[in-house]
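Novice: Residue-level listing of the chains:
2 protein chains.
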Amino acid sequence: MPRLRLALGQTNPVVGDLDGNAKQILAAAKRAAAAGADLFAVGEMALSGYPIEDLASRPSFLVASHDHVVHLAKQLLDAGLGDLPVIVGHPDGPYEPRLLGTSNAPTAIAQNRASVLQHGHVKAQYAKHHLPNYSVFDEYRIFIPGDELLVLRIKGADVALIICEDLWRDGGPVAKVLEADAGLLVVINASPFERDKDDVRLPLVTRRAVETDTIVAYVNIVGGQDDLVFDGDSVVVSQTGEILARAPQFEEHLLVVDLDVAEASDSELPEKVLRVELASTSSAADVIEPDIASLPDDREQVWNALVLGLRDYVEKNGFPSVVLGVSGGIDSSVVAAIAADAVGADRVYGIAMPSKYSSDGSVDDASELAKRIGFHYSVQPIADLVAPIEEQLKLTGVAAENVQARVRGMIWMAESNLHGHLALTNGNKTEISVGYSTIYGDAAGGFAPIKDVPKTLVWELARWRNEHAEALGETAPIPVASIEKPPSAELRPDQTDQDTLPPYELLDAILEAYVTQKLGRADIIALGFDADIVDFVTRLVDRAEWKRRQGAIGPKISGMAFGRDRRLPITYRPNNEPLPGAQTRS
Amino acid sequence: MPRLRLALGQTNPVVGDLDGNAKQILAAAKRAAAAGADLFAVGEMALSGYPIEDLASRPSFLVASHDHVVHLAKQLLDAGLGDLPVIVGHPDGPYEPRLLGTSNAPTAIAQNRASVLQHGHVKAQYAKHHLPNYSVFDEYRIFIPGDELLVLRIKGADVALIICEDLWRDGGPVAKVLEADAGLLVVINASPFERDKDDVRLPLVTRRAVETDTIVAYVNIVGGQDDLVFDGDSVVVSQTGEILARAPQFEEHLLVVDLDVAEASDSELPEKVLRVELASTSSAADVIEPDIASLPDDREQVWNALVLGLRDYVEKNGFPSVVLGVSGGIDSSVVAAIAADAVGADRVYGIAMPSKYSSDGSVDDASELAKRIGFHYSVQPIADLVAPIEEQLKLTGVAAENVQARVRGMIWMAESNLHGHLALTNGNKTEISVGYSTIYGDAAGGFAPIKDVPKTLVWELARWRNEHAEALGETAPIPVASIEKPPSAELRPDQTDQDTLPPYELLDAILEAYVTQKLGRADIIALGFDADIVDFVTRLVDRAEWKRRQGAIGPKISGMAFGRDRRLPITYRPNNEPLPGAQTRS
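Each protein sequence line maps, in turn, to chains X and D.
Residues 1 to 586 in our numbering are what the first sequence spells out, letter by letter.
Residues 587 to 1172 in our numbering are what the second sequence spells out, letter by letter.
Do not rely on the hints blindly, as some may be mistaken.
Output of the computed footprint for chain D on chain X, the stretches with three or more beta carbons under 8 Å from beta carbons of chain D [as the list claims (entries may be wrong)]:
hint, segment
1, 6-16
2, 312-323
3, 409-420
4, 514-527
5, 551-557
6, 562-575
Which residues of chain X face chain D? A partial, calculated answer using Cβ under 7 Å [stated by the list, open to error]:
hint, residue
7, 64
8, 225
9, 226
10, 388
11, 402
12, 440
13, 444
14, 446
For the record, the hints were derived by calculation from the structure and aren't laboratory data.
Positions of the beta carbon are idealized from the N, C-alpha and C atoms, including for glycine.
Let's have the full structure, built from the sequences with the hints guiding it.
Specialist: Rendered as structure tokens:
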């Protein structure tokens, strides 16, 4: 049986940065070659970053991508790595448009490809067959599907190559892997993190390995890109379903593993399978002990995803620092802790902005948080700024409450304008669901770290982060009072969230049914929830769509995040209901 | 030759409002029957509104849609219209999911269908084959394609039925129309307005009529739905390419026309064609003179689209009124005039908010605008509100300028909160392209009426609207000074837009190349533009993406509007460029 030393490069690309991403790949290839690899693969679109969205419809971008692949092959040769076959994902084109639609319509002109580089040339290419066009993915919009399977013959073994979604679908190239009798299947991926996705992804990889009687090597990119966080978690699974190697989540990594791959046969190839022979590298004499990382528990995974999502937004966009409002409440405390973990406390600026309704306890909690975490802390009371506005405009009620929130948002945006900080906004998924926030006020900011975290999970994460610190002998970052006191917006005397909203446990359960499970009113009531509360909550959700459309992006951690995952009209009149209005409630 | 009296109902549905939309269809069907129609058709998704987006993935919504179609058939029967065949577009499902993707992935469970109702029953159905998944459309995401053509035999004539995109694609059901030898092709549509789309749509309808040797009847919905405006413009074209009937743009209409349709033959049907025989209605004795509306010129079409887009957003969401800031500048003047045309001047509230940098001329122009249009006008000076903030936060430069804009936004949002007004924001496409606005300041609002109108077109529209008024003997709404003075944000002494930006003619030309034509840097320079200016402008566009993501929706009038039309990453590092930053500039 041929022994192949396979290296998988879990790189962290920046969308659009072809030069920088090529450098990352080159650096990882050098390490792979130094480790004696016979074959090296990086993730889907590792050269361009992912998702590139409608950049795929710019011919100049496709030409540049293509040129960079060709150039990367030469760079590898120049670096003395010409012998090492390198598999790299990238967009390619422009090709003849797939669709003959309206003359106005943009049509797909790109393919989602993997190129195999060796000896300074592109030796072979594979184009993704199955284009995900659900959830956050719009690949059918931008890519032309491929229809041929690629098999590489290396050192007497046959290595089939597919891309991401191809693995998930029955039939198509996966079916051909078995027919072609390949010994190793390399799948390059750009698969974003979701809670519990590891409960789906690893079993899938395992099932495919067993079904196709092939070792499956799954390499994923890592890093934050806008609202997605790619978790890496690259893995190699044997034909019997055994994990042979696994890279850690949420960090760049080179995974190297020795594989005994079935000998290639010379039976006839099935239709639509292309086999390309590659020159062999010299074999390593030693045997490598591969990494087999284990996954931490759910809360730690979520925390790590939120931290990486924020860190990469900050770093990839070149912000020196972040600013946020700290109220002493649980949301801002958790966001401050995430921010400090992401970029270091010395790049975090927290501002307490007490009003005449803020309790002393709140300011104490905020100051205690600052002390525990060590971020830059300042206080800007808002009473003298709000009073002239309230007076001149004769404001009362909700309009007056909103002005307090908007003056606060104006303060952190001004600090952002003065110092270049990225402004963070502290809204959690529950309040974003029901619109319990002031647009242009507390919702103001460029990034929303806990946007996809329901309130009940915010508390869980706070507790976990404190326990985690204590287990390491560090100071727990979040004051206990912030976790335990009843949540309040403190916009009027003695206000609590539950004056307006159902208890959070109940609210989150209804939101799970309505938003995530997409159940209708009757189905939710059939689960045992009170009809009036269901009507109240679902109406709030519908009416807050206009605010969500104007909300900051934030890391997706669930199977149904607000944003590209859930595309709903603002103007929407639920059947049998009176006019909902759309923008008055803010 | 059988003579068919065809009625096309250009209705204005509200997304989700199955009851209300069914009532519209029923009312139009009554008028069609009263006019002696043999066949009546309304637009694509006329029962549910369009686009329904991910409502198509809620099983309860699909069941409700299906039930409403069945119920509509009975309502037609009960209203004594049982004999009239009625073609109605609607979503249907849930069906077995099309995709076997990840277990987490939402999969299409709906079809985009047309039902033929007669005698209280659904007699036949057609499912759309070609699912547009470009520009603003995401139909491949949400619908399962059909694969059969439907032919209705009515009064000895064969009437083929297809849906919207099916007409645009060669092959598929259009090719079968010729094979099936149908005499009339009914196409139901939900086709949004774009400038110059009539230059594409009518020639297409004409070409298909000639190609398939079939009369083509094209019925479109009308009305605003979020950022889309459906223009109606339903039309019937003969086999020789003659326009037989045409409905006016931008209004509800019943178009009735007598057609001499080729006699049906009994030749064998091609594969995948279903023929359904319908009972005939009694023939009308008279001959109807059909409407043949003509289109107004480009500027008037655009104006009408903007007016209808705003009106329907207001009315469908139940707002009593609108509020906007009026600065005396061209943008707010045009928005005020659109608003008055949309909902009447007595439902428009304009607020002048002079700062210490505002010229007397500006306030005079705003007040003159109010007088000419007749909207509610008030003045809220901002100096006393801005001063305490500037002082407490020690603001200078851009940070101070932004605070002025944010105080203004806070004022109209407070008025919105107090009175339920929809807040309008006055940004034009040029400034939204380059981010020349203050987020949470002048960009604050629920709807942006001129969001897709470049600055140069804003001026053209202002001039056109004034000329139009004068031609009708009415007061020109927009003061000449607002059109002719140099544009300025008036956030610092003697500021003009051209301190910061290239001249608008030049800027709009570069934006057309970069945003609309999707050209790369080198291609734009090759058109003859200065390289430094191209770099300056394209960088501004890239860096403003985060602001656009948080911007209000507004009516799409171009082939490339910001929003669903143009999906680009925020985090994006153009190749060979230094870090662009993403959120500092605001």
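Novice: All the hints need checking, so say for each whether the structure fits it.
Specialist: Taking the hints in turn, this is what the structure says about them:
{"no.": "1", "hint": "6-16", "result": "holds (count 3)"}
{"no.": "2", "hint": "312-323", "result": "holds (count 6)"}
{"no.": "3", "hint": "409-420", "result": "holds (count 10)"}
{"no.": "4", "hint": "514-527", "result": "holds (count 6)"}
{"no.": "5", "hint": "551-557", "result": "holds (count 3)"}
{"no.": "6", "hint": "562-575", "result": "holds (count 10)"}
{"no.": "7", "hint": "64", "result": "holds, 6 Å"}
{"no.": "8", "hint": "225", "result": "holds, 6 Å"}
{"no.": "9", "hint": "226", "result": "holds, 5 Å"}
{"no.": "10", "hint": "388", "result": "holds, 5 Å"}
{"no.": "11", "hint": "402", "result": "holds, 6 Å"}
{"no.": "12", "hint": "440", "result": "holds, 4 Å"}
{"no.": "13", "hint": "444", "result": "holds, 5 Å"}
{"no.": "14", "hint": "446", "result": "holds, 3 Å"}
The earlier numbered hints are all upheld by this structure, with none contradicted.
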